[in-house]
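Asker: What follows is each chain in one-letter form.
Protein chains: 2
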Amino acid sequence: MIIDCHGHFTTAPKTIHEWRRKQLDSIGDAAHAPKKSDLVITDDELRAAIEGGQLKQQRERGGDLTLFSPIAGQMGHHLGNEQTSTVWSELSNDLICRVCELFPDNFVGVCQLPQSPGVAPANCIAELRRCIEQLGFVGCNLNPDPSGGYWTDPPLTDRSWYPLYEELVRLNVPAMVHVSSSCNPCFHGTGAHYINADTAAFMQFLLSDLFKDFPDLRFVIPHGGGAVPFHWGRYRGLSFEQRAQPQPLEALLANVFFDTCVYHYPGVEFMTRVVPVDNILFGSEMIGAVKGRDPNTGYFFDDTKRYLDACTNLSTEDRYKIFEANTRRVYPRLDARLRARGGSAGQQKQPVLD
Amino acid sequence: MIIDCHGHFTTAPKTIHEWRRKQLDSIGDAAHAPKKSDLVITDDELRAAIEGGQLKQQRERGGDLTLFSPIAGQMGHHLGNEQTSTVWSELSNDLICRVCELFPDNFVGVCQLPQSPGVAPANCIAELRRCIEQLGFVGCNLNPDPSGGYWTDPPLTDRSWYPLYEELVRLNVPAMVHVSSSCNPCFHGTGAHYINADTAAFMQFLLSDLFKDFPDLRFVIPHGGGAVPFHWGRYRGLSFEQRAQPQPLEALLANVFFDTCVYHYPGVEFMTRVVPVDNILFGSEMIGAVKGRDPNTGYFFDDTKRYLDACTNLSTEDRYKIFEANTRRVYPRLDARLRARGGSAGQQKQPVLD
Chain A
54 MIIDCHGHFT
64 TAPKTIHEWR
74 RKQLDSIGDA
84 AHAPKKSDLV
94 ITDDELRAAI
104 EGGQLKQQRE
114 RGGDLTLFSP
124 IAGQMGHHLG
134 NEQTSTVWSE
144 LSNDLICRVC
154 ELFPDNFVGV
164 CQLPQSPGVA
174 PANCIAELRR
184 CIEQLGFVGC
194 NLNPDPSGGY
204 WTDPPLTDRS
214 WYPLYEELVR
224 LNVPAMVHVS
234 SSCNPCFHGT
244 GAHYINADTA
254 AFMQFLLSDL
264 FKDFPDLRFV
274 IPHGGGAVPF
284 HWGRYRGLSF
294 EQRAQPQPLE
304 ALLANVFFDT
314 CVYHYPGVEF
324 MTRVVPVDNI
334 LFGSEMIGAV
344 KGRDPNTGYF
354 FDDTKRYLDA
364 CTNLSTEDRY
374 KIFEANTRRV
384 YPRLDARLRA
394 RGGSAGQQKQ
404 PVLD
Chain B
54 MIIDCHGHFT
64 TAPKTIHEWR
74 RKQLDSIGDA
84 AHAPKKSDLV
94 ITDDELRAAI
104 EGGQLKQQRE
114 RGGDLTLFSP
124 IAGQMGHHLG
134 NEQTSTVWSE
144 LSNDLICRVC
154 ELFPDNFVGV
164 CQLPQSPGVA
174 PANCIAELRR
184 CIEQLGFVGC
194 NLNPDPSGGY
204 WTDPPLTDRS
214 WYPLYEELVR
224 LNVPAMVHVS
234 SSCNPCFHGT
244 GAHYINADTA
254 AFMQFLLSDL
264 FKDFPDLRFV
274 IPHGGGAVPF
284 HWGRYRGLSF
294 EQRAQPQPLE
304 ALLANVFFDT
314 CVYHYPGVEF
324 MTRVVPVDNI
334 LFGSEMIGAV
344 KGRDPNTGYF
354 FDDTKRYLDA
364 CTNLSTEDRY
374 KIFEANTRRV
384 YPRLDARLRA
394 RGGSAGQQKQ
404 PVLD
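Residue numbers (the working numbering), protein chains in the order written: chain A, 54 to 407; chain B, 54 to 407.
Simulated from the structure, these hints should not be mistaken for lab results.
Warning: the hint list may mix true and false statements.
A pair counts as met if it fits within one copy or between any two copies, since identical chains are not told apart.
DMTMM-like, lysine to aspartate or glutamate: derived pairs with alpha carbons at most 25 Å apart [to be verified]:
id: 1; residue 1: Lys109; residue 2: Asp78
id: 2; residue 1: Lys67; residue 2: Glu294
id: 3; residue 1: Lys265; residue 2: Glu220
id: 4; residue 1: Lys109; residue 2: Glu294
id: 5; residue 1: Lys344; residue 2: Glu322
id: 6; residue 1: Lys88; residue 2: Glu143
id: 7; residue 1: Lys344; residue 2: Glu294
id: 8; residue 1: Lys344; residue 2: Glu303
id: 9; residue 1: Lys344; residue 2: Asp262
id: 10; residue 1: Lys344; residue 2: Glu71
id: 11; residue 1: Lys75; residue 2: Asp211
id: 12; residue 1: Lys88; residue 2: Glu71
id: 13; residue 1: Lys67; residue 2: Glu104
id: 14; residue 1: Lys88; residue 2: Glu220
For reference, chain A alone in the conformation it holds in the complex (with noise of 0.2 Å):
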């Protein structure tokens, strides 16, 4: 089957957003804050928005099911304070949840964190554990920066970070690295912002520790990893020149994987011939980043299935790996869904060229 491991609820109804803007401006003033029961979206709007959306385009592309989350850029974890994210991280896992029960096929859910600038990430320990046991999410969006572009909480790999990996290693969960909207105007969002937080939380990782102390612990670098196949003969060379503990840049394989969020071919069989093809899973962050079409050849530039179909390089066993195994291994619990649906993980459509 075809797994995109990322992909975002970019069409939600606009009645969220407009709950969302009355709960930022009711900021210090409580007795006018929305409640969460004020938002009302019925099972038809949900559809409606779905089927004409995400789940139209899986079918045309050819998928099969989408690891699905809140909108990244709504994320927003820079506006407001640790209780309007609380409040706006559970009314936004509550949608992807009520998606993923009309559309069990099709969508397992992954939460968003009601991370806070300078709070800790312990405190987001409750609605992950929410998310995963009592909602049926298989991840985790985790944002490096809650600052919105200005980078002033600490790296990834320090220790306040620690309550909230021990828990990710207990639920048996990996987390995408993924930063929500930019207000620093020096970074767009989805073209420096994502790109610069995949490839700064990869060399924090390379740099660190971390995979010592938890060995289980798993991250998903999304948008092909940002700039690191690009420059992966740098960070293998500085990973040589980390004099406190120099380890080769294939020591972080175990823990460290990417998805396929690049947007043209020549990008994607790079990556492929880069990237060992077990680290690399499927992903196209439809409906997101990049909305349009080509106009040199007419197809989606995030429609990336159709780019590793090109890759002649891909066996069928590499295929698949992308394609199903690979986010079956870093997801266990979407593993073990699919096993329960009869759907062992040796099950395989063939690959089609187009």
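Given the coordinates of chain A, work out where chain B should sit on it, guided by the hints.
Answerer: For chain B alone, coordinates are given in the frame of chain A:
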């Protein structure tokens, strides 16, 4: 000839670092501030630093000439204040001038600017003029984030930069977009901050009308353009989505160029297939970001000429452009110097594959 557009004086005698430390230690204590004349470095010391370092490697790798600038990581615009930055820049640029006078066939100067966070870039014009008009330099390094990793100054497309750009155009010199070290624990200097700045700058350009206002302004984005080539499709897609001034990515290519500081063969080969060859300038950043040898090959990671030599997709004409002609076109004052010396832009070494 083989022109490396990107070299820093990383082998400078350590007395310069001691001088700088004293300068920073005396902030707010003018009586103890070192004078420029306190730094004594003999010509023999300079010769030893260059002959055992940059010149040795230039010769071993088959290079002819390097555009040479002060150590990027030591520009430290976030340290001290405008006054210390001015004195430090003058001192650093003077040292580059001496190297270029000692080795006029092998090194041509590129200057550091006396930037400081929150200070108008126009204040750098005097030192820029001095370096170009009096010291014979052919370009400058321009720091898009003088804060050292917190990005608190406006983007490169802000009008506060315009007076400096007017001077760059008047002098007919390009700027290499190059940050200094990072004081933000989230960003490793050469592993994250450098690459992220390259990516962020490109996206700033993509969003702007800068080159409508300055059709003759030219930037070189180092380190292969950060993540840009790997995400060329993302940037092409985003270029069509800018509602205010949609323009294809290609519209930037009269003004924006990329060096080849990408430290593995697949990355360089990929770059030459994605970025138009007219926009690629040979650069190695030698001796710099990654100093070691690849244990797999025994060669230096930053010997980027080897990677280019091995690119079978490049024609002789392509190599001539990347190794010489593009850099002479982007740096017209370099071209004028070489012509005066008797080397026309048509002269060319046959590339050697190894």
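Asker: Checking against the hints above, which ones are violated?
Answerer: 1, 11, 14
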